[in-house]
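Q: The residues making up each chain are set out below.
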Amino acid sequence: MPDRSDHTQATLRQSLQGWLWVAPALLFLVVFVYGPALTNIRFSMFSFSAMSLDWDFVGLNNYLRLWNDPKFMTALTNNAIYAAISVTCQVGVALVLAAVLEARVFPNFSANLFRTALFLPSILPVVVVGLVWQLLLTPTTGLIDQILWETGLASWSRAWLGEPDTAIFAVIFVSQWQWTGYIMALFMVAIRAVPRDLYEAMEIDGASGVQQFWHITVPGVRETILIVTIITILGSLKVFDIVWVMTAGGPNHSSEVLGTMMYRAAFRDDMIGYSSTIATVIFFIALTIGLVQIKLQKDR
Amino acid sequence: MAYMQIKGIAKRYGTYEAVRGIDIDIAEREFVVIVGPSGCGKSTLLRMIAGLETISRGDLVIDGQRMNDVRPADRGIAMVFQSYALYPHKTVEQNMGFALKVAKTPKDEAARKIARAAEILQLGPLLKRLPKELSGGQRQRVAIGRAIVRNPKVFLFDEPLSNLDASLRLQMRIELAQLHRELQATMVYVTHDQIEAMTLADKIVVLRDGLVEQIGAPLEIYRRPANTFVAGFIGSPKMNLLKARVLGTEAGRARVDAAGLVCDVAVDHLPAVGAEVTLGIRPEHLVAGLGASVEVQASERLGGVTYAYGRLADGQPVTVQLDGEHDFAADGGLTVQPQPGRAHLFSGDSGLRL
Chain A
1 MPDRSDHTQA TLRQSLQGWL WVAPALLFLV VFVYGPALTN IRFSMFSFSA
51 MSLDWDFVGL NNYLRLWNDP KFMTALTNNA IYAAISVTCQ VGVALVLAAV
101 LEARVFPNFS ANLFRTALFL PSILPVVVVG LVWQLLLTPT TGLIDQILWE
151 TGLASWSRAW LGEPDTAIFA VIFVSQWQWT GYIMALFMVA IRAVPRDLYE
201 AMEIDGASGV QQFWHITVPG VRETILIVTI ITILGSLKVF DIVWVMTAGG
251 PNHSSEVLGT MMYRAAFRDD MIGYSSTIAT VIFFIALTIG LVQIKLQKDR
Chain B
301 MAYMQIKGIA KRYGTYEAVR GIDIDIAERE FVVIVGPSGC GKSTLLRMIA
351 GLETISRGDL VIDGQRMNDV RPADRGIAMV FQSYALYPHK TVEQNMGFAL
401 KVAKTPKDEA ARKIARAAEI LQLGPLLKRL PKELSGGQRQ RVAIGRAIVR
451 NPKVFLFDEP LSNLDASLRL QMRIELAQLH RELQATMVYV THDQIEAMTL
501 ADKIVVLRDG LVEQIGAPLE IYRRPANTFV AGFIGSPKMN LLKARVLGTE
551 AGRARVDAAG LVCDVAVDHL PAVGAEVTLG IRPEHLVAGL GASVEVQASE
601 RLGGVTYAYG RLADGQPVTV QLDGEHDFAA DGGLTVQPQP GRAHLFSGDS
651 GLRL
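Residue numbers (the numbering used here), protein chains in the order written: chain A, 1 to 300; chain B, 301 to 654.
No lab work stands behind these hints, which were simulated from the structure alone.
Warning: the hint list may mix true and false statements.
[Claimed, not checked] Straight-line distance between alpha carbons at most 25 Å, and here's what the computed SDA-like set of lysine to any residue pairs gives:
#1 295/A - 432/B
#2 413/B - 427/B
#3 413/B - 208/A
#4 407/B - 210/A
#5 432/B - 189/A
#6 432/B - 222/A
#7 432/B - 459/B
#8 401/B - 208/A
#9 298/A - 387/B
#10 307/B - 517/B
#11 390/B - 293/A
#12 390/B - 103/A
#13 401/B - 387/B
#14 453/B - 200/A
#15 401/B - 451/B
#16 390/B - 297/A
Please model the complete structure; the sequences and the hints are all you need to start from.
A: Have a look at this one:
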């Protein structure tokens, strides 16, 4: 019979081997992810400039200041609207589109054409998309306005990116245009994993296409729905590039989001501590959403 | 219950014809088993009956009504899939009641139908469970229950037992036979397993390459296979098909010799003397004793019977079924002869029964 201490030593040896295997990745994460995240929390307790060595400890004052900053509520609201619309479009609409394309309603050629057309925007760089849509949305000379004029809807014409009421919605619309096709492709892959004979059994049971969607497709891809929803919400929370390119948070901060606010504080106003505070808030909101996701997945 | 007529049905995929014009008449309450090797078109035929595949040519008639363009739900059929196709997120009860819910059947009537099917299939205690909480046999029963509650004119089964282990398959086979007796339903059953075909069917349809090779009662097919394909496909172990030469003929009989295995065979069409023919003789119809010598190469002892696999003098492979107690070592070899009246003769060219 093997000695108990031999067994323990063997387990330790195996465990050490395991740690050695994960050590490089762990080191990378500590140096480049967890370390900076913790340092950022520390920064948020100070008031300082990137150009100076003088750091003033302010405790939680940066958080208090942020809470009282009217731009913060605007940004948070815009992020929430961004997330709500993105979940509706990128999860809801993309799932319906994927289900329709996978239901073989259209001939193969048309289905492939739709799929490619819808997916194509996602491979374009965000900056390019932003600039192209800026041109399209230009008042009077832009294609959108031209179409409105030509179709007798001139009264709808406006400076989509220049008016506080429409700026954030125009940006969100462009983001949906870019990413809905990508999410649709993810859903198409998930739908293909649902056994075909379940749909056939439903057909024999007399279920309509809509009933098949609700009773087979939705429960069949619910894991993907959950993951895509979380990714979309996190993406909406961290959004920066498309907003910065199209409106830079304007006009009059109406399309400000947490990302642009943070960037402005750090690189325009040189308030590194305040910027770190915003980053910390984003971090904790994202962390909470991530934990909810893990909990939901464990519950299944 | 309903009768069904399959009239010249064909299925074409591009230039490939998977089913090439099949005619089958299925009487009311008949249990028809469509059997054939993989790729013979049997599942395609069943799916055309179900409405899951379009019919390229021919007509499908159920109870006098042409069904080619009728949607699956309105054909009066129910189908049990090979994979069971149970809705994974619904309980057994919801699975069985889904078609009734879609058809807006009153709740009390639906509950009554589900309860009856559950009683027939002994599913009562499982009604609140999800499919993932059931064994293979239980899932299969739920799939059958889902078909029963629809009270269909015709039940369709697509290799329903092939995912079960051997003992469960035997049990389900018996239960299916009982179910047919109890429901008195018209059933069409597809399988590649000839034992299922022999044990369940009132009528067997043997398919090959999209065409019907033979239709008949199980024992009729076993006793009078129409050609060498059917002869080899029905029966386990498969029939020995030996090259033989016609030694002589007389009224309704031919005397043939296959490497020393000489026998008289009753025929409908007399072959020419000296012609090359195929002698068909089942392993269970060869008896040890005087006759042709067999060089035994391997044997399987199953207890009740022993199968000996060997070669005749000219090298042709032959399988012999022997008594379970038969001792090769003591014999030092094996000589066999056919039981009188049990051999079959087929044309050497076309393979058709003579």
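Q: Taking the hints in turn, state whether each one holds.
A: Hint by hint, here is what the structure shows:
1. 295/A - 432/B: With a Cα-Cα distance of about 22 Å, the restraint between residue 295/A and residue 432/B holds, given a limit of 25 Å.
2. 413/B - 427/B: holds (13 Å)
3. 413/B - 208/A: holds (22 Å)
4. 407/B - 210/A: OK: residue 407/B and residue 210/A at ~22 Å, within 25 Å.
5. 432/B - 189/A: holds (23 Å)
6. 432/B - 222/A: Roughly 17 Å between the alpha carbons, so the hint for residue 432/B and residue 222/A holds.
7. 432/B - 459/B: Holds, at roughly 21 Å.
8. 401/B - 208/A: holds (12 Å)
9. 298/A - 387/B: holds (22 Å)
10. 307/B - 517/B: OK: residue 307/B and residue 517/B at ~20 Å, within 25 Å.
11. 390/B - 293/A: Holds, at roughly 24 Å.
12. 390/B - 103/A: holds (22 Å)
13. 401/B - 387/B: holds (14 Å)
14. 453/B - 200/A: Distance ~19 Å between residue 453/B and residue 200/A Cα, so the pair holds.
15. 401/B - 451/B: With a Cα-Cα distance of about 14 Å, the restraint between residue 401/B and residue 451/B holds, given a limit of 25 Å.
16. 390/B - 297/A: holds (20 Å)
The earlier numbered hints are all upheld by this structure, with none contradicted.
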